[in-house]
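Read off the chains here:
There are 2 protein chains.
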Amino acid sequence: MRIGYEKVCLKDGFWKDVREKNARVSLMNVYRRFAETGRFDAIRCEKREKPPHIFYDSDVAKWLEAAAYLQRDYPDEEVASIIRGTVRTIVANQLPCGYFNSYYQVYRRDRIFMERTEHELYCAGHLIEAAVALDACGVDGTLLPAMEKYADYIRERFMIRRDTGFTTCGHPEIELALVRLYAHTGKKKYLELAEFFLNERGRREEPIYDWADHAYDQSHLPVRQQREAVGHAVRALYLYCAMADVGRLTGDAELLSACRALFDDIVKHKLYVTGGVGSGWFGERFTLSYDLPNAEAYAETCAGIALILFCERLADAGNRSAYHAAVERALYNNVLAGESLDGKGFFYVNPLEADAACAAYARSVPGIPFKPLLQRVEVFDCSCCPPNLVRLFAQVGGLIYGEEDGVLCVDQYISSQTDACGMRVCMTSQLPYEGSVGVSVSGEGTIAFRVPVWSTGIACTVNGAQVVPEVRDGYFSLRVAGETAIAIDFMMRPRFVYAHPAVRADSGRKAVEYGPFVLCAESCDNGGRLYDVSIPSLDGAKTVRNAEGVWLEVPALRSAEDGALYRYQPSAKEPCTLTLIPYYAWANRGEGDMQIWFL
Amino acid sequence: MRIGYEKVCLKDGFWKDVREKNARVSLMNVYRRFAETGRFDAIRCEKREKPPHIFYDSDVAKWLEAAAYLQRDYPDEEVASIIRGTVRTIVANQLPCGYFNSYYQVYRRDRIFMERTEHELYCAGHLIEAAVALDACGVDGTLLPAMEKYADYIRERFMIRRDTGFTTCGHPEIELALVRLYAHTGKKKYLELAEFFLNERGRREEPIYDWADHAYDQSHLPVRQQREAVGHAVRALYLYCAMADVGRLTGDAELLSACRALFDDIVKHKLYVTGGVGSGWFGERFTLSYDLPNAEAYAETCAGIALILFCERLADAGNRSAYHAAVERALYNNVLAGESLDGKGFFYVNPLEADAACAAYARSVPGIPFKPLLQRVEVFDCSCCPPNLVRLFAQVGGLIYGEEDGVLCVDQYISSQTDACGMRVCMTSQLPYEGSVGVSVSGEGTIAFRVPVWSTGIACTVNGAQVVPEVRDGYFSLRVAGETAIAIDFMMRPRFVYAHPAVRADSGRKAVEYGPFVLCAESCDNGGRLYDVSIPSLDGAKTVRNAEGVWLEVPALRSAEDGALYRYQPSAKEPCTLTLIPYYAWANRGEGDMQIWFL
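Chains as they are written, first to last, in numbering that gives the first Met the number 0: chain X, 0 to 598; chain E, 0 to 598.
Since the hints were made in silico from the structure, they are not lab data.
Check before you lean on any hint, since a few could be wrong.
[What the hints assert, rightly or not] DMTMM-like, lysine to aspartate or glutamate: derived pairs with alpha carbons at most 25 Å apart: (1) X/K343 - X/E573; (2) X/K509 - E/E295; (3) X/K541 - X/E403; (4) X/K572 - E/D538; (5) X/K267 - E/E573; (6) X/K572 - E/D290; (7) E/K509 - X/E227; (8) E/K370 - E/E352; (9) E/K370 - X/E227.
So here's chain X without its partners, still in its complex pose (with noise of 0.2 Å):
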């Protein structure tokens, strides 16, 4: 079992720094632009000329759920006191039968639970999770109770009752809110009534958007029938999630074959290096096996977010290194570039490439759908991103450990200490800029520490001996008593990452990682044309450190000169130096040209 944030406490480092900007500035700055756009004020269920959005309740339900996991270790009154009085609306306006929803209650109230696409159960489970967290965390008693009613009410109408216009919500979610809901109180009725949706869902036909077919929303099979992993990307990985947890405490082993076949279609076939997931625009969806434009990559923040939560509850239900390298390669780029370095900023889509030129022109342009976007923006309409980012990093601690078997697991090298497995942990790690990590270890037992996929050799030492690690299963153990000092350093070092040759958009190139950070060059360091950059060689390469991370150095060569459009003779190269830097602190600097792959 993964050992949750509430139970690890972060260290200076990288991801305190991450987590405290989260607390001390996008938390804040994410409610304000929420204030802002009326969706606390959605919730007073007052009729408004202009109807809220369908699923603003879900972006208040998750800020609060991010809120209480900073409460502890960064209490704040003004933070709390919107809490209590958020809370407090949300019970007051909360129908006698348990149900609440700002804009059906409001607006609809004749079509509660008639309407598959419209999100309400979606919505439901952010509030049944945020109600779990606040409790969990000792911030609130309240809203508890009052999501437990709604779920008794939901599982009133679509379990016994059965008398919805629906069976199964177009936007899954409710089914992963449920298990936790059953987590934290005890209570199995909300366990089967996650696996009543669980079950019902791809039995028959159900309502659909006109423009949808039914893998858009995994409703094409049932679920322990899936494979492949289809359809909206993010709807995908919030049904696995349950799917993993349902099946882990059902011993249902037919539901994780599932999820495991789900997992390694994606990491085989469809994942970006950034650990970006679904690259289809059009529904932000899953597409082919190796359909991995760069430009034009869709990859939301909320997708890369959803497999890191895939991935942690796959290793609950038996765990695997790949599960936490897949956590690291999302964690790291992807999920991290979904946020501005001031914290402000967010970016819904994640493409591997920019040309701010076309993208200037895209916009200038009438009759252009996608207006690629350059750069971080505060809020969306469409804001799901920005408070599931706040909550991730909230609990980014719940991502380092885990116990199997008695055996505590280290399989994130971040700062942190923790008690487990009859040991207090303290970790220091240099990581993600260098390799090396110290441990010391009160108490007895058994630690097993996975290798990182980019380490090209592990030097370990125990109270300063040298220990040759045994690598088994991508991971290794080491025995301790007493105080026990451990050095761990995971070579690192600049290396090319080449794709699967039926990797069209990336064939004949490589990208450039560094530790678990992707990199990638930008214009304001380099000039533009980067699609046209070859790296011979890695060797020469220079690292430089600053605000943005690791920089690094590297010869490279470009074409010299211009000419006619089409020649005989290729372009004459000349020697460059190429500044690189790790992909997540792009666009940070002016809206420019961004390129990962390069010849």
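We have chain X already, so just place chain E on it with the hints.
Frame of chain X; chain E shown alone:
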């Protein structure tokens, strides 16, 4: 001046075959499809439940024009009677004022000349071109006076009374048609009307589609100030045709320098290696310099045809070999690819790369706006390209020769005979398959031969005696007298062609040209993943000949192994033999993958 198709007789060879297929198959096949789809019924101007497309008239007109060109060499009673009947119907239904439009006069009579974007004058222009062609070919003399009357009415309304809802048509065409009408009748008023339309364009805000900008139909600037090719490619090039004509006929240097700047912008920045133009799906338009995507290319067949029409007119206004090089590139590749080998199917869009799996996916998933078409069809709803191809191939003889200050220029090497500049010239060309050309001349004069850009050397004998050609401005000249036998060998071998390094889509890649042909690989010969194929060298390339023309077998490399999506070692490469065929012949053996640019 160009020497018109009517003065040139094609002889055996590649283009004779194309034109013969055009006469024997395509002409009547297009007619039948157009008849089935109501295009020839529409001109009866009877009210029907389903109104005709607003520019059905132009389809009928282009068919008439093509039929006119073919009657001399391929007289056919069925075609002749269709021409007679069609002309009779048009004349019979013409309004007393001279107006004819099968949509407006039947369905929107109150809106005649009120709606700028609805192609009214575009249809008129094609009817005028048809009338001129029918009269010039001696096929029918009755449509001409009728269309003169229509032109007079247009002049009355737009130029004299000025009581119309717009001044310049949203789709240029009338301008070039009026110049043809002037050239054929000698009536200056038509040239003046053409000049009027050119002068008025871009002078003031005129109505445009709500989704479009003024650049879309080239009304963003007065025509003499235009230097960059922008907007809808066919509209642009039809406009530029009229600018070149009027510039030449009125000695308007400003118009001609605008035309030359526009040509240079196209060939330097916006031309596909196939000669296709208008890379943008949205608005079928010119986009940014070097924005030449391959799989997503629009490159409409009509735009390639329009480029040829523009180049021919530029040559009339002051010859440059570059114009004919562009004609050759477009003619043998983008344009020829517009028609299937059996002469029955047509492409509207001409991609330079095809992925059958992605196309099938796009067709199967709702919500994706563009469903790439990888097989030619017999008719489209908007079916401008098929009759445009038929009328171009019908007059291909007009692309071969020109006359500059008494010098006879040979610009395309197509087996043919003509009398010009006091000489009878009879050319037997092995092009496009081989570079040897035999020219027998009777009479005294100077002949200038254009040196194709792909030629790697020239061997030439005059009456058996070696001569060393002196190439100046892309031509070499020979002075002849009496009976002269000229033998030229343009050395032809497969060559790599490279794109300007700013062309993102082609960076790190090369294409293969063989004479005037751009070659491509298809999956039916080579299997899939063609984008992964690299061609280290063309040494050892073997030429094979067959139905699809020249084939080439080239030693190449492709990735051997499969495996992880991302890896730290590049894939091993395996030798293979790559079969290349001329691009124009692609997609004649079922739907599959196609590639032009290789690693």
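Hint-by-hint comparison with the structure:
{"no.": "1", "hint": "X/K343 - X/E573", "verdict": "violated, 39 Å"}
{"no.": "2", "hint": "X/K509 - E/E295", "verdict": "holds, 23 Å"}
{"no.": "3", "hint": "X/K541 - X/E403", "verdict": "violated, 40 Å"}
{"no.": "4", "hint": "X/K572 - E/D538", "verdict": "holds, 23 Å"}
{"no.": "5", "hint": "X/K267 - E/E573", "verdict": "holds, 23 Å"}
{"no.": "6", "hint": "X/K572 - E/D290", "verdict": "holds, 22 Å"}
{"no.": "7", "hint": "E/K509 - X/E227", "verdict": "violated, 36 Å"}
{"no.": "8", "hint": "E/K370 - E/E352", "verdict": "holds, 14 Å"}
{"no.": "9", "hint": "E/K370 - X/E227", "verdict": "holds, 23 Å"}
Hint violations for this structure: numbers 1, 3 and 7, all remaining hints satisfied.
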